[in-house]
Amino acid sequence: ETGVTQTPRHLVMGMTNKKSLKCEQHLGHNAMYWYKQSAKKPLELMFVYNFKEQTENNSVPSRFSPECPNSSHLFLHLHTLQPEDSALYLCASSTQAGGPYEQYFGPGTRLTVT
Amino acid sequence: KNEVEQSPQNLTAQEGEFITINCSYSVGISALHWLQQHPGGGIVSLFMLSSGKKKHGRLIATINIQEKHSSLHITASHPRDSAVYICAAHSNSGYALNFGKGTSLLVTP
Numbered sequence: 001e002t003g004v005t006q007t008p009r010h011l012v013m014g015m016t017n018k019k020s021l022k023c024e025q026h027l028g029h030n031a032m033y034w035y036k037q038s039a040k041k042p043l044e045l046m047f048v049y050n051f052k053e054q055t056e057n058n059s060v061p062s063r064f065s066p067e068c069p070n071s072s073h074l075f076l077h078l079h080t081l082q083p084e085d086s087a088l089y090l091c092a093s094s095t096q097a098g099g100p101y102e103q104y105f106g107p108g109t110r111l112t113v114t
Numbered sequence: 001k002n003e004v005e006q007s008p009q010n011l012t013a014q015e016g017e018f019i020t021i022n023c024s025y026s027v028g029i030s031a032l033h034w035l036q037q038h039p040g041g042g043i044v045s046l047f048m049l050s051s052g053k054k055k056h057g058r059l060i061a062t063i064n065i066q067e068k069h070s071s072l073h074i075t076a077s078h079p080r081d082s083a084v085y086i087c088a089a090h091s092n093s094g095y096a097l098n099f100g101k102g103t104s105l106l107v108t109p
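These protein sequence lines are chains Z and E, in that order.
Under this note's numbering, the first residue of the first sequence carries the number 1, and numbering increases by one thereafter.
Under this note's numbering, the first residue of the second sequence carries the number 1, and numbering increases by one thereafter.
Just so you know, not all the hints are guaranteed correct.
[Claimed, not checked] Within a straight-line C-alpha distance of at most 20 Å, the following computed EDC-like cross-link-like pairs (lysine to aspartate or glutamate) qualify:
1) Z/K41 / E/E5
2) Z/K22 / Z/D85
3) E/K101 / Z/E84
Everything labelled a hint here was simulated from the structure, so no lab data went into it.
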């Protein structure tokens, strides 16, 4: 048990749908991250939240919209996605951001855009 | 951006063999992480190190800061070690980890 949960684990959505991914951490951490893992590519950082404030947006298209209502919860709102957005989306948390802190990953959401 | 290269990309070993996975990076870092990803996607952090060597069970990680190189060793490999091993470099500034593409390891009985 990593202490980081993600729902749903699998999601299939059409290009016109709106859906949300949810991440929750039970570790008392103050930083949370969204990563994208596409087939045959390295993990890519999407967003970083530190003490509920967004500190990094790695040039992510606006069809991905993050929300961090508190230090334990992180959402990724999806709308009008493209087929190339199909990937594994991973959430992680750490004590805080901005330094070499160990990151704890959730199991991921496998997203397929049709 | 820190370029992180791993080798080999794919590795097949027989149970019991000693395994080494290499990672090199291009700019100075504050720490280097080794991660393990099993089929299905979940990622587990194995090590975070900024100097020297760390050991956990049959796993050993080393780093040479001057040479910008790290290795992950698995002694007495077992089929349950089959996974993708990912190296990630934490830069001296900023929030991001830069990830290698991973090494896919298959240990056969």
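Right, here's what the structure says about each hint:
1. Z/K41 / E/E5: It holds: about 12 Å lies between the C-alpha atoms, which stays within 20 Å.
2. Z/K22 / Z/D85: The hint holds at about 17 Å.
3. E/K101 / Z/E84: Roughly 19 Å separates the two Cα atoms, so the pair holds.
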